[in-house]
Amino acid sequence: MAHDYETSKKLALKVISILGLITIGEVLFALFGKGHLIEGFTIPTFTIPLPFVDWGIPFNIVAIVMITMSLIKAFLIIFEFMHMKYELNGLAKSVLLPTFLLVWGVIAFLYEGNDWGNRRELINDKNKEKIEEVGFLRDYTPIDIIEEYTI
Amino acid sequence: MATDTTIISDKERWDGGTRPMGASYGKLMMWYFLLSDAFTFSAFLIAYGALRVSNPAWPVPDFVFQSLPGEIHHKPLIFVTIMTFVLLFSSYTMVRAVQEGHRENKKGITLWMVLTIIGGLGFLGCQAWEWNTLIGKEHMTVLTNPFGSHIEHGVYLEGDGHDVTEGMTFIPGDPYLIHKHDGEYHQLKYKVTEGSEKGSIKQQDFGPRAFGALFFCITGFHGFHVLSGVVFLIIILINVISGNYVKRKNGYEMVEKIGLYWHFVDLVWVFVFLVFYLI
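Chains as they are written, first to last, in the numbering used here: chain A, 8 to 158; chain B, 221 to 499.
Hints were generated in silico from the structure; no laboratory data involved. Heads up, some of the hints might be wrong.
[As the list claims (entries may be wrong)] Derived lysine-lysine pairs resembling DSSO-like cross-links, with alpha carbons at most 30 angstroms apart:
(1) LYS411/B to LYS92/A
(2) LYS133/A to LYS411/B
(3) LYS327/B to LYS295/B
(4) LYS21/A to LYS327/B
(5) LYS295/B to LYS469/B
(6) LYS17/A to LYS400/B
(7) LYS327/B to LYS422/B
(8) LYS422/B to LYS17/A
(9) LYS327/B to LYS16/A
(10) LYS247/B to LYS92/A
(11) LYS100/A to LYS16/A
(12) LYS327/B to LYS418/B
(13) LYS411/B to LYS247/B
(14) LYS41/A to LYS326/B
(15) LYS326/B to LYS418/B
(16) LYS418/B to LYS400/B
[Unchecked claim] From the derived model, a few chain A residues whose C-beta atoms are all more than 12 angstroms from chain B:
(17) PHE48
(18) LEU57
(19) PHE59
(20) VAL60
(21) ILE71
(22) ILE84
(23) PHE116
(24) ILE138
Glycine included, each C-beta is placed from N, C-alpha and C at the ideal position.
Okay, chain B solo, but in the shape it has when bound:
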């Protein structure tokens, strides 16, 4: 740390014997790994954006993600906000663990790291519940997407026993879910009431197939990062408790490195939250 504050010329800095970037090899490589990971996630999210703007029948997020535990429905954004706060809270506890590390306070690090692990597990639990609802109750899979939006004006000719009743009208952009009973999807029949095909009878189409694939792939990839983060946190916590890092005398730098990774996971969630749920 002391070498950071002494002023050295650029030539000296790159002549060897110093850390030209002011960070240890491990920390620098963690930064570059995170940069490459940022590009991976960006590629996924950009693909999502491109496919979404290309399809007028794209499912409406406020309609897809609207359930809460305990059979509560029609409450968009609430559950995912809780998830966001769990992750933000664990990010804060990680900051505190790193700060305790700088002053070599083993008890403090242990406490805050345990809280971070609990936060990470809580987030994973929320995600498991969300996936379970989508797969188990709403029957969305990677390749079949029962969520869609109407692209024309119309009136339903039959009800589905849930939210839709016979004679209900809809306009372009109204979302729907094709329910599955006894192992079969029931695509409701409707009559078009406006436009060039006025009067013709059609049935609900399955939504864009890419939606399910992108959702499970991107949130799954993020969830996998959280899971591996929790595993690394547990390994580093064991090393902290056993006193391995005291011998290294570098201010618990390992805690700082896993801290960087953990904040990155939170950072990615900010953007997943933005493109999947908010917009």
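Chain A on its own, in the form it takes in the complex:
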């Protein structure tokens, strides 16, 4: 082990305190950002427009802070509690590097989900559309002609 019993005991206590504090911070910030602490106050979300395309990057401060804090918590748990810090480089890399594939997974599927949403809206709008009855049949199949031939 990298350090003796007493130091690691203290380190564990320190890490768990940080994890607890981050969790409390997360909860308070979520309550604050979504308007549960101060009546009527919320942190707004907005979209950063991109050039040349008709969509933008959604920018939700509450969500971004939550995700960052959770990643810090995950880092502390993996590197301190699970002792990843003290493992050999090869082991650490073979376990940690594959998880970066998930970055693609998150981006691709959120983009896809957003597209499903847009499609759903489009279908709803099209369903509500009223079409005037311009008689296609009446214009091109004159009833008197049909009558002429059938009688």
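Given chain A, put chain B in place with the hints provided.
The following block gives chain B in isolation, referenced to the frame of chain A:
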């Protein structure tokens, strides 16, 4: 342990006779199992994210998870924070058990492992209460989801005897729960007050069906991990007490392995907590 500190070349390391990754076979395989499990959970959570952004009527977490034991309502996030702390605490006691294992202190390991088991059971108890509230009182099932959000401006034409009264107005994004009385869901009628369908009378729709399925599937899968973790902890605790691991002379490595698994369960909860409750 001593072999880790001696410097050996890469060729020697992979020539056999050593542990090239510096960890025993069992520990290495525990790491790879956890990696594969991480992908399983990620797949679930990513599916949740994709479905959530695709549906404007998705239920609002602060509205769905707002009850505490003792008939306390409208307190979002509090109960689930308690659950998180129970799991974090059990993670800490597990670290202590592993540390006691390194110095071969049987009494210490027993004490901290018992505390970890209590933490795990406490978490499961909290989860059972939460599920019971959702299924028994709010009547959410895997296939029926009475939680939803409005997507238009409107005014209620009837009350439900709980929070909603006749004449209450709402805006897009306001959450609602369809209450069930005498075995039937009562979908309230409302009048649309803005937009192209202004003036038309509609009734509350059931929320996205995927919400119930995803919630019970993901928290259930995580809860199943906690449950199996508790079972393994109990088995290993029995082995510790009976002195099985002393004979192996490897610094209670089994405690270290179950420790890895237990921290992983905590790690997954960090992300479940994030996507289901915080955002």
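Results of checking the hints against the structure:
1. Restraint check for LYS411/B and LYS92/A: not satisfied, since their Cα atoms lie roughly 60 angstroms apart, outside the 30 angstroms limit.
2. Our distance criterion of 30 angstroms between C-alpha atoms is met by LYS133/A and LYS411/B, whose separation comes to about 22 angstroms.
3. This hinted pair does not check out: LYS327/B and LYS295/B have alpha carbons roughly 41 angstroms apart, beyond 30 angstroms.
4. For the suggested pair LYS21/A and LYS327/B, the alpha carbons sit about 24 angstroms apart, so the restraint of at most 30 angstroms is met.
5. Between LYS295/B and LYS469/B the CA atoms are separated by roughly 51 angstroms; this puts the pair beyond 30 angstroms, and the hint is violated.
6. Using a Cα cut-off of 30 angstroms, the hinted pair LYS17/A and LYS400/B is violated, with the two alpha carbons roughly 53 angstroms apart.
7. A distance of roughly 66 angstroms separates the Cα atoms of LYS327/B and LYS422/B; the hinted pair therefore is violated under the 30 angstroms criterion.
8. The hinted pair formed by LYS422/B and LYS17/A fails the criterion: a straight-line CA distance of about 61 angstroms is larger than 30 angstroms.
9. For a cut-off of 30 angstroms, the pair hint linking LYS327/B to LYS16/A stands: about 16 angstroms separates their Cα positions.
10. Using a Cα cut-off of 30 angstroms, the hinted pair LYS247/B and LYS92/A holds, with the two alpha carbons roughly 15 angstroms apart.
11. Pair hint LYS100/A plus LYS16/A holds up; C-alpha atoms about 27 angstroms apart against a cutoff of 30 angstroms.
12. Taking the CA atoms of LYS327/B and LYS418/B, the gap is near 72 angstroms; set against the 30 angstroms cutoff, the hint is violated.
13. For the suggested pair LYS411/B and LYS247/B, the alpha carbons sit about 62 angstroms apart, so the restraint of at most 30 angstroms is broken.
14. Our distance criterion of 30 angstroms between C-alpha atoms is broken by LYS41/A and LYS326/B, whose separation comes to about 48 angstroms.
15. With a C-alpha separation of about 73 angstroms, the suggested pair LYS326/B and LYS418/B falls outside the 30 angstroms cut-off, and the hint is violated.
16. Taking the CA atoms of LYS418/B and LYS400/B, the gap is near 28 angstroms; set against the 30 angstroms cutoff, the hint holds.
17. Remark: the non-interface label on PHE48/A is consistent with the geometry, its nearest Cβ contact in chain B lying 15 angstroms away (cut-off 12 angstroms).
18. Once the 12 angstroms rule is applied to beta carbons, LEU57/A is consistent with being away from chain B; the minimum gap is 17 angstroms.
19. Distance check on PHE59/A: its Cβ is at least 22 angstroms (rounded) from any Cβ of chain B, clearing the 12 angstroms threshold; non-interface status holds.
20. Once the 12 angstroms rule is applied to beta carbons, VAL60/A is consistent with being away from chain B; the minimum gap is 17 angstroms.
21. Under the 12 angstroms C-beta cut-off, the non-interface status given to ILE71/A relative to chain B is violated; the minimum distance is some 10 angstroms.
22. Not every beta carbon of chain B lies more than 12 angstroms from that of ILE84/A, the smallest distance being close to 5 angstroms; the non-interface claim is violated.
23. With a least CB separation of 4 angstroms from chain B, PHE116/A falls inside the 12 angstroms interface cut-off, contrary to its annotation.
24. Every beta carbon of chain B lies more than 12 angstroms from that of ILE138/A, the smallest distance being close to 15 angstroms; the non-interface claim holds.
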